[in-house]
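Each chain, letter by letter, is given below.
Number of protein chains: 2
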Amino acid sequence: MMKPVDGRKRVVIEGVDPEIDAGRFPIKRIIGDTVHVEANVFGDGHDRIACHLLFRHEGETQLHRVKMEPLGNDRWRAAFQVNKLGEFFYTIAGSVDHFGTWRSDLIKRLEAAQDVALELQTGAMLIEQAALRAVDEDAIRLKEWAYILRVKSGDEETKQTALDAELTATMQRYANTDFETRYDRELSVVVDRERARFSSWYEMFPRSCSPALGKHGTFQDTEVRLEYVAGMGFDVLYLPPIHPIGSSFRKGKNNSVSAQPGDVGSPWAIGSQAGGHTAIHPELGTLPDFELFIAKAKSFGLEIAMDIAFQCSPDHPWVKEHPLWFKHRADGSIRYAENPPKKYQDIYPLDFESEDWAGLWDALKDVFIFWIEHGVRIFRVDNPHTKAFPFWEWAIGEIKREHKDVLFLAEAFTRPRVMERLAKLGFSQSYTYFTWRNTKQELTEYLNHLFNAEVKEYFRPNFWPNTPDILPEQLQMGGRAAFMSRLVLAATLGTNYGVYGPAFELLENLPVKRGGEEYLNSEKYELKHWNLDDQKSLAPLIRDLNRARHENAALQTNHELSFHATDNPYLICYSKRSADGSNVVLIVVSLDPVHVQAGWVDLDLVKLGVDAHEPFQIHDQLADERYLWQGPRNYVELSPFEIPAHVFRVMRRIRTEKDFDYYL
Amino acid sequence: MMKPVDGRKRVVIEGVDPEIDAGRFPIKRIIGDTVHVEANVFGDGHDRIACHLLFRHEGETQLHRVKMEPLGNDRWRAAFQVNKLGEFFYTIAGSVDHFGTWRSDLIKRLEAAQDVALELQTGAMLIEQAALRAVDEDAIRLKEWAYILRVKSGDEETKQTALDAELTATMQRYANTDFETRYDRELSVVVDRERARFSSWYEMFPRSCSPALGKHGTFQDTEVRLEYVAGMGFDVLYLPPIHPIGSSFRKGKNNSVSAQPGDVGSPWAIGSQAGGHTAIHPELGTLPDFELFIAKAKSFGLEIAMDIAFQCSPDHPWVKEHPLWFKHRADGSIRYAENPPKKYQDIYPLDFESEDWAGLWDALKDVFIFWIEHGVRIFRVDNPHTKAFPFWEWAIGEIKREHKDVLFLAEAFTRPRVMERLAKLGFSQSYTYFTWRNTKQELTEYLNHLFNAEVKEYFRPNFWPNTPDILPEQLQMGGRAAFMSRLVLAATLGTNYGVYGPAFELLENLPVKRGGEEYLNSEKYELKHWNLDDQKSLAPLIRDLNRARHENAALQTNHELSFHATDNPYLICYSKRSADGSNVVLIVVSLDPVHVQAGWVDLDLVKLGVDAHEPFQIHDQLADERYLWQGPRNYVELSPFEIPAHVFRVMRRIRTEKDFDYYL
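First to last, the protein sequences are chains L and E. Numbering of the first sequence is given in the numbering used here, commencing with residue 9 and proceeding in unit increments. Numbering of the second sequence is given in the numbering used here, commencing with residue 9 and proceeding in unit increments.
By construction, these hints were calculated from the structure, which means they are not laboratory data. Possibly wrong hints are sitting among the right ones.
No copy labels: a pair is met if it fits in one copy or bridges any two.
With a straight-line Cα cutoff of 30 Å, these simulated DSSO-like cross-link-like pairs (lysine-lysine) come out [claimed, not checked]: (1) K151 to K167; (2) K464 to K75; (3) K304 to K351; (4) K160 to K335; (5) K167 to K350.
Start from the sequences and build out the full structure, keeping to the hints where you can.
Encoded structure:
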């Protein structure tokens, strides 16, 4: 075993947090966030140590140094702010603090009334060494301090000089870093814009937006809908694929194997003579139409999220141009998608074990770049878990290097490790199991996993009560009340959430068959004509919820989610708090779509920032009703025939007689 | 961002366990142990994957491959045995299992009665590719299998051939590893001899072994004691430093600042004209005497553990030979040890920030090597936490490279992170906080931390109820019953334990002052004359306990320590189980040295391997009494006037009438 280059580096740094997989992956933050870093830092023996958090933005070469503060038990903490998009790097440095040790020993010696003449000489020596490292004014001041210790050794004034706080600060600034230990790894933070953490999505098929029954909608038709979507308070409008749809093996209504004349096909069967992933489906319009649509949406405060589904219909240009990008069967034919015994003849998957994998990667990345250049900044990626992991890390890394404001939502409904890996590799947001978490225990456990465990550092959930692929049984069976409670849960548990509409607000809940989750007459295979003016529409509730989300900082962060006990298993109660603690929201939701449910909540008042001895006001952001509560136990009753949820803003300050001028 | 060298490596490996600090440190095992390794391994999409645990001994260049088995949720497990001393390395490899995927798809297709003719051709292709990688017989057989699939495509026999288990096994053997993912890191295991995990230590001052009152004992005197020590069942005899003791600033009795004529000084003030760390204190004997003593001890089954205290008296030869190895004060004098305001003028610490740190490291390592060459294999290292961490990693690594049977016990009574770091750096065993853990809650929490958390992978505790430095308050106040219960706790909670005797078995419990932990008239500063035949001696109990430790494999491992509930806070109850489950020991100890304590234990019968519906016998290994118990709740009563503890062997099989020949 070789000796180290310098065996005099006596400080150890370990247990750094946050750190994902030994620094293999970055953590994620939003611009303006404060990143708190902790580590165990210690040396041998009794010497004091000093440690610093070092950080820099990717565009900087010099590291900034922040002094870490001790938390006890050799744990230290410091923080830095990420004030730019892109990647920040951080690491830790520690060294023995010789001057600090000398100083604290000196205090003990003085307290024991020992002779410190010799010790003051030692101190002078340390200060003289620091003076050599210092510049200008500081060098001069250090020499002066050293001189006092050298010459006036022992008198009262000298002792005071030795302990001077300014001397200590200056000495820290010019500490000897020759034997400084650097943490083995440079860790990183990817900083996104705010929408990565706080977004309200609305999914809609443009082709169903024609005012005329049975007519294929266009981008122009869809523009008319923007006001409706923005009016509900959404900020992301997500469109299923808008590319040309293949005709070979096109699926008919309700996913039937053979399409009838006039069937529009699935937008996910991408590619025809009209083009592939960089083309626009001719029936929707042209590329300029789409660019105009993006601009119009923007004027309503809506960003367009584009669906990227890396698979090809048999008519996709790549099939002929790049046969190597597909798998072939023993007879030379291209292998269509299968999940035996199921066959998807209208779709060819891409082969990530292709000899020309590098060419394929470039082409796929260029699809993103193409749309970025045409104004898209958010991509919802279809089934990313069926594409090779290394591709995503490379592609997202490459894209974000140039376009730091681009966001990616991973639609990976698959096993937990795979979903988490995709988030680690760079996806900004992820679909989740929320869609199937219905009971109090399921929701509590899942949310605690997402927001109170390490996964919170890199996995940003996006909660969807429904999608075109998934009409959950709770909605099928629970009707209107279930739609409402699932909506409130999604919009208040998740800072990111979305619905597939108008199916959602119009309470569409018929499946193809009981036990399945496919919509009957699914919009995936046919045009739909929605009656947005239907009286039963949940649009007003959605609008109120989105307004509450915008008005309460607590609902825009996962900083602190806490569950509160209730004595009724159908009542779930939780609170969220803004990072600065100034805004607190308390939510109670009934999980029973059939019966009135009542019970007592047992609040953890500390989490609400409320004093047990003072009453507090709660203001329901949906019903606009106010109540006075005091203490932890309070009564709640929720009916499926009204809104089966309360979204209370907690007002800690209430008016009393003391507010009168003449009080006292 | 560069593309990877080959983007076709589709499998991910993460979450490997055990792994200490991202593989920075080895885990520890004993020769013959089985090392269980788990990891998350998965690929994209629906393909099946195959993964292997790879391992090798440091002396091997080829890695062995063990197939990992799935545990569900993308977690895999495998194990290997460490059958040699030294270091083993392990890592994990995973790849997409194309043949396995093809095979499982084929089964689904056959079940759905699909036409598989084309699929059989695809299978033949995969088999032909494997045949090119195979050798001899296997290559021929694979070609035959492929031929059947190619030619007889489709008939019943062919389908059976395709699913042949032997074909699958052969295909796995010649799987394509071109796109195999290797885990980033090679992890390691340090394998020690059994004494690293199971040892019973007795600490004794040789200089107090003279039969004549007031006379300095010698190694020859100490030889006479070997039978006594071995008779109590110990296997390690640990001697405080045996080097020449300095005379400058020698400490007198009870640590008084100035020694009186005739005062023998502290053995930890090492070095005089007679030599330093590689010399023998002349009053104890000569180097040949010591070698003879080691040999005699061995004949009693006792290993000698030597104390290594890296510090020097002012008379140590190094002070003149290597002034650079010490710190100097402003007046040029060598800095003695201090912990202000305390001063230790009889001791010079070594300076690990010396310019000649490399020379110092060599000299210190050579001290170990010197004694190894004279027959010592166990070192108890004094205050390792006041020496630089990098030194220990280098020195222990260097020493164990050549001498794999050498063991190091770290006497680091310091903060938890520091103690754990020293264990990570290579110390085989460590002193612990057991000495101060007295209550049920304290003991339970501490033991769960040591044996049921990650620290168990590298930190091997050694439990001491007393040391020459520490007479804990529990012993001062609790008298005989406290000595007994602390002894039983140490010997049954710890697989490694030790006592400082004869002070311990003779119940020495007077401190210099109340509130302190120093022994009155401490043996550290004067010769003691012990009456080993004293009737009150705990030697018989120690003998019985050590016999129980030797006869019960459960007490030799920390494989499974479980605490069982009791309804009396003064009664602690726990069980240990041998790795193969054949031996189970159940211990109940009273923590009250004053009163009789009785109560009900509530056993977790699963941990005892006992059926709730059958009675079981428990056999007290100390009192040699047997009881029949049934079910979880059982009554226990312990008296401080007898042995305040039960050490039960659990006998799950008891005799019944069915044992008679004529039963049935």
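So, going through the hints one by one against the coordinates:
In this homomeric assembly, K151 and K167 come within 30 Å of each other (Cα to Cα) only inside a single copy, at 16 Å, whereas the closest approach across copies is 91 Å. In this homomeric assembly, K464 and K75 come within 30 Å of each other (Cα to Cα) only inside a single copy, at 26 Å, whereas the closest approach across copies is 33 Å. In this assembly of identical chains, the alpha carbons of K304 and K351 never lie at most 30 Å apart, being 40 Å within a copy and 80 Å across copies at closest. For the identical chains of this complex, K160 and K335 are inter-copy neighbours only, at 25 Å across copies versus 87 Å inside a copy, given an alpha-carbon limit of 30 Å.
In the homo-oligomer, the alpha carbons of K167 and K350 lie at most 30 Å apart only across protomers (20 Å), although the nearest pairing inside one protomer, at 86 Å, exceeds that limit.
Hint check: a violation occurs at hint 3 only; the rest are consistent with the structure.
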